[in-house]
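Chain by chain, the residues:
There are 2 protein chains.
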Amino acid sequence: MNTSGTPDTLDRMHHVAIAVADIASAVAWYTSTFRCTVSYQDATWALLDFDNLQLALVIPEQHPPHIAFISPEAESFGALTTRRDGTRSTYVNDPAGNSVEIMAAD
Amino acid sequence: MNTSGTPDTLDRMHHVAIAVADIASAVAWYTSTFRCTVSYQDATWALLDFDNLQLALVIPEQHPPHIAFISPEAESFGALTTRRDGTRSTYVNDPAGNSVEIMAAD
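From first to last, the protein sequence lines are chains Z and V. Read in this note's numbering, the first sequence has 47 at position 64, and its numbers run on one by one without any break. Read in this note's numbering, the second sequence has 74 at position 91, and its numbers run on one by one without any break.
Since the hints were derived computationally from the structure, they do not count as laboratory data. Careful, some of the hints might be misleading.
[As the list claims (entries may be wrong)] On the chain V side, residues computed to face chain Z include the following (Cβ under 10 Å):
hint: 1; residue: P(-10)
hint: 2; residue: H(-3)
hint: 3; residue: V(-1)
hint: 4; residue: S8
hint: 5; residue: A11
hint: 6; residue: W12
hint: 7; residue: L40
hint: 8; residue: E44
hint: 9; residue: I53
hint: 10; residue: P55
hint: 11; residue: E58
hint: 12; residue: L63
hint: 13; residue: T64
hint: 14; residue: Y74
hint: 15; residue: V83
From the three backbone atoms N, C-alpha and C, an ideal C-beta is built for every residue, glycine too.
Kindly generate the complete structure, drawing on both the sequences and the hints.
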């Protein structure tokens, strides 16, 4: 938590996951519209690399849209789940109900 | 457009604008949860600085949620509108209907 004025270091957003209707057509549009590369893709979601973060394209019935930040205090928000790629994270909701993933810094 | 294989340079996401119900409570939550700073705030939207991009919190009836990228080919997507902060951009929709802002690189 930031409990004392202006932080010396700002936290990073790791990725944004937005809802799309069809993964293949969304991947085709983003990769033809922007300079980005496909890190992962299946029928239910895809992960695109941009210069400063990743954009996830998700079928919302299978993967909820959310924003994800890296925090050195991730453990304070709940038990962390280890993903297949080795990252550890938990999910919380902001006051408006948006899903926010908090990822450990390691 | 990326028309030839793997790009040498990837485009940057400049900001993400997500819908919230109340700006003040959302700003309070994000600034107490993460190390970020408030770049702008009024009753209809706020802009938070993170390490690698900005997070906009918007009342959706007044400012549509979207994701924004910087592109050297922004002009090819339509006439650019100059904002109060001097940035120039246009809006397009991805195939799923998500609003995508394309900002000039200058």
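Tested hints:
The criterion of a C-beta within 10 Å of any C-beta in chain Z is met by P(-10) of chain V, whose closest approach is roughly 4 Å, and the hint holds. Checking H(-3) of chain V against chain Z: minimum C-beta separation of about 9 Å stays under 10 Å; hint holds. For the restraint placing V(-1) of chain V at the interface with chain Z, the shortest Cβ-Cβ distance is roughly 5 Å, inside the 10 Å limit, so the hint holds. The beta carbon of S8 of chain V is positioned within 10 Å of a beta carbon in chain Z (closest approach about 5 Å), and the interface hint is therefore held.
Contact between A11 of chain V and chain Z, as hinted, is supported at the beta carbon level, the nearest pair being about 8 Å apart and thus within 10 Å. Interface restraint check for W12 of chain V: the shortest CB-CB distance to chain Z comes to about 5 Å, inside 10 Å, so the restraint holds. The closest approach between the C-beta of L40 of chain V and any C-beta of chain Z is roughly 8 Å, which is under the 10 Å cut-off, so the hint is satisfied. For the restraint placing E44 of chain V at the interface with chain Z, the shortest Cβ-Cβ distance is roughly 13 Å, beyond the 10 Å limit, so the hint is violated.
Interface restraint check: I53 of chain V against chain Z, minimum CB-CB distance 9 Å, threshold 10 Å, status holds. Look at P55 of chain V: its Cβ gets to within about 8 Å of chain Z, closer than 10 Å, so that hint holds up. For the restraint placing E58 of chain V at the interface with chain Z, the shortest Cβ-Cβ distance is roughly 14 Å, beyond the 10 Å limit, so the hint is violated. The closest approach between the C-beta of L63 of chain V and any C-beta of chain Z is roughly 16 Å, which is over the 10 Å cut-off, so the hint fails.
Checking T64 of chain V against chain Z: minimum C-beta separation of about 19 Å lies over 10 Å; hint violated. Taken as an interface hint, Y74 of chain V does not check out: its beta carbon lies about 13 Å from the nearest beta carbon of chain Z, beyond 10 Å. With a least beta-carbon distance of about 8 Å to chain Z, the hint placing V83 of chain V at the interface is held under the 10 Å criterion.
Of the numbered hints given earlier, the model fails hints 8, 11, 12, 13 and 14; all others are met.
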